[in-house]
Amino acid sequence: MSSYAKPIESLIEALTRLPGIGRKTALRLAFHILRSSLSEAQALARAILEVKEKIRLCSLCFNLTDEDPCPICKDEQRLKEILCIVESPNDLMAIENTGVYRGRYHVLHGAIAPLEGIGPEHLKIKELMERLQKEKVKEVILATNPTVEGGATALYLTDLIKPLGIKLTRIASGIPVGGEIEYSDGMTLTKALEGRREV
Amino acid sequence: MPLFRTEAIVIRSLPYGESDRILTFFTRDFGKLKGVAKGARRSKKRFQNTLSLFTYLRLIFFEREGMGLVRVEGADLLQAFPKIRESLKKIYYGNYSLELINEMAGEREPNREAFELLFSFLSNLESEEPKEEWLRMFEVKVLSLFGYRPHLTRCGLCQKGWKELEGEPSLFFSIEKGSLICSSCSKNYNSLFRLSLGTARLLDEISQGDFRKLERFRFTPQALSESREFLPRFIEHQLGKELKSLKTLKSLYR
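The listed protein sequences derive, respectively, from chains A and B.
Residues are numbered in our numbering as their position in the first sequence, beginning at 1, plus a constant of 3.
Residues are numbered in our numbering as their position in the second sequence, beginning at 1, plus a constant of 847.
Next up, chain B with everything else stripped away, as it sits in the complex (with noise of 0.2 Å):
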C-alpha cells in the first residue's frame, strides 16, 4: 500500500472509541483529509503531542480503498504554535479560522493558497497579539479563495460603479445578493447591513491582495463594526449553517 507525504495542520482533533483519534487535516497538496490515528490516545511515543489542534507536521498516511477516512501512519511535528495556547483570545482567534477552513474546504480539493492563508494566520497569531481587523481579513481572503468573494465594486442590480455611488446617502450590502446594494434599490431586499463606500474599497482591496502583506491594511472603527457586522452573517448564509465557534469569539467584543 503506499504511503502518501504531506504537510498539514490539524483543524480538528476528536476521541474515537477506546484509544482511537479522528482528526481532519488541511493539507498542502491534498486539500482537506479526514483520517483515523489508531492508538494516538493510549501511546504518548507514536504520536506524542503532534495531533492536537493548530499544530503543523508532516503527514505520513495511507488510503484504504472504501473507505472515506485516510489512515494516519505517522506525524512529525514542525510548528505547535505553543503561544497560541497561552491566551484565550488567540484560541478563540484560531478556533473561529480552523473553523472556517473546514466549513469552506471540500475534501481532497487542494487550495494552496488557503493552506498559506492559514498558516499565515496561525504565525502571525503565535508571534503577536491579536487585532480584531485579522479576522476580517481573515474572513474576506477564505470567502475568495473559496469562490465566495463578495462583490463590492459595483451595485448588484443597478450595476452602477464606485464614482457613480460616492454621492448616495447609505450604501448597504445584501447577503441573499452577495453584493453591494445601492440605497434605490435597497427597497427590493430584506437582510440588508449598511456598508459604506470606504469598507467597500477595503474590503475588495484586501479580497485581491496578498495575505502576507496585509498589515498595509488599515480599518477605521467604522470600517471594523460594519465588517463584523455582515462578515460572519454573509459566511453562515453561504454555509447554510451557524458557525459553532462564533459565540465564543462574540464574547470577546463585549
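Only chain A is shown next, with the shape it has when bound in the complex (with noise of 0.2 Å):
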C-alpha cells in the first residue's frame, strides 16, 4: 500500500488522534495546513503550543486561565457572596455568555460517577468546602448537570453544605425555551410543574 509522504502521514496520524477525527478529515485538514502559508502553520502550532504551556487552573475557582487568580476571581465588580457551581469549565462558559449572572464559580471538575469509578474525592469538593470556610458566602447555586451524575453531586453537596446555615439553590429544569409542551416527556414535564412559580 502506498503512502504520503512521512511528513504529511505523521500529521495525518496526529490529527487522527483527535476526538470526533476519522482518517478522511485529517486527511482534508492536512492538506488544509499544507496548503496554507507558513505563517498561518506556525500561528497554529504556536496557539497549540502555547494553550499547553500557559493554561493552568485559577487557585480559586479552578476554572483554566493565563493568570492566576482568573480574571472573574480578581474582577471586583462581581459579587462574592454568590458562588454557582459547575461540572465543567464549559458549562462556566456557557452560564457567563448569558450575561446575567454577576457572582462568581466554582469548577468541579466532573460529577460523582459510580460506574466510572468517580467519587467525590476525584473532584474539587474539598477545596469547595475550603472556600466555603474562608469566604463569606451567602448563597451556593449548584448548577450540575440535570443527569443522574449532576443530580448525584447536587445531592451530595446538599448534605455537606446544608449544616453550613448558607442559602442553597438548584437551577431550576424544565421545559426549554421554545421547546413544546406536547413532546415534552413526563418527567421534564413533571419537573416543570414542580418548579412552577407565581407570576
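FYI, nobody ran anything at the bench for these hints, they're computed from the structure.
Any given hint might turn out to be false.
Said to hold, decoys possible - Lysine-lysine pairs mimicking BS3-like chemistry, simulated, CA-CA at most 25 Å apart: (1) A/127 with B/1097; (2) A/194 with B/1097; (3) B/1091 with A/129; (4) A/83 with A/194; (5) B/1097 with A/129; (6) A/165 with B/936.
Since the model is a prediction, treat every value here as computed from it, not as a measurement.
Each of the two chains sits in its own frame; use the hints to bring them together as a complex.
Right under this line is the structure:
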C-alpha cells in the first residue's frame, strides 16, 4: 500500500487522534495546512503549544486560566457572596455567555459517576468546602447537569453545605424556551410543574 | 433491514463524539446489548430522556452487519424511576446493581430471570427506603442466576453437611473454592472469610428463592456484616476485576 510522504503521514496520524476526527477528515485538514502559508501554520503550532504551556487552573475557582487568580475571581465588580457550582469550564462559559449572572464560580471538574469509578474525592469538593469556610458566601447555586451523575453530585453537596447555614439553590429544570409541552417527556413536565412560580 | 423490539433497561450510557451516545442495555429477549444512538445528545425530540441510566424502555433497534453495536432506532419510555434520582443512597445502590449485571451478563445471552431481578430491584428502590440487605440478596441472586452460586450447604473439602457442622467452633467461606469450609479444613486455604452456619443457611435459601418474595428473609446484624465482607469480594474474584461502584457504595457504611 502506497502512502503519503512521511511528514504528511505523521500529521494525518496526529490529527486522527483528536476526538471526532476520522482518517478522511484528518486528510482534508492536513492538506489544508499544507496549502496554507508558513505563517498560518506557525500560528497554529504556536497556539497549540501556548495552550499547553500557559493554561492552568485558577487557584480559587479552578477555571482554566492563563493568569492566577483568573479574571472572574479578580473582578471586584462581581458579587462575592454568590457562588455558582458547575461541572466543567464549558458549563461556566455557557452561564457566563448569558451575561445575567454576576456572582463567582467554582468548577468541580466532573460529577460523581460510580460506574466510571469517579467519587467525590476525585472532584474539587474539598477545595470548595475550604472556600466556603474562608469566604463570606451567602448563597450557593448548584448548577450541575440534570443527569443522574449531576443530580448525585448536587445531592452530595447538599448534604455537605446545608449544615453550614448557607442558602442553597438548584438551577431550575423543565421545558426549554421555544419547546413544546406536547412533545415534552413526563419527567421534564413533572419537574416543570414542581418548579412553577407565581407570576 | 429488520427492526427488533424488546424491553430494556439502560445499564450504561456514555457520550460519543459530538452528538451520539453509546449505550449498554440489559434486555428481556436478547440479554446484554450494546448500541449506538445517533444524535441522542442533540435531538431532544427523538429520544427525549429515555436513554439515561436506570430507564426501563421499549427498545427498537436494527443490526448492522459486521458491527458489534446495534443501531438504536427508537425508544419508548416505560418507567424512568424518578425517585431513584432523588436520593444519593438510591443512586449508589442502583449504580451497583447496574454494574453487577453489566459485568456478569454476556452479550446476547438472554437471561429473563436476571432481567426480572434487576427490574424488581429498581422498582423496590423507587418505592421504598433502601435497606442494605437488598444489596446482599441481589448479589446472591445475581451469582446464582449467572452460574456462580456459592456452595453453602457443605464443607467444600471434607463434604460435611450442615448437621455435622453444627458443633464446629468456626466456619469460613473460601473465595478461591467458592464454598463453605469447616475449621479443620480451613488451614488448606488462604483468603478465608468468617461465616456462621446461620448466614450460610440464609444465603443458600435466598439463592434459590423468588426475588419478589424476599421480604420474608431476615438478616441478623451478624449475617449482614458477614455477607457484606465476603460477597462483593467473591464477585470480584469471579470477575477477575474490581467493581468500580463498590467504592462509592462503601462510603455509605461509614
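Comparing the hints with the structure gives:
{"no.": "1", "hint": "A/127 with B/1097", "verdict": "holds, 20 Å"}
{"no.": "2", "hint": "A/194 with B/1097", "verdict": "violated, 31 Å"}
{"no.": "3", "hint": "B/1091 with A/129", "verdict": "holds, 21 Å"}
{"no.": "4", "hint": "A/83 with A/194", "verdict": "violated, 30 Å"}
{"no.": "5", "hint": "B/1097 with A/129", "verdict": "holds, 19 Å"}
{"no.": "6", "hint": "A/165 with B/936", "verdict": "holds, 17 Å"}
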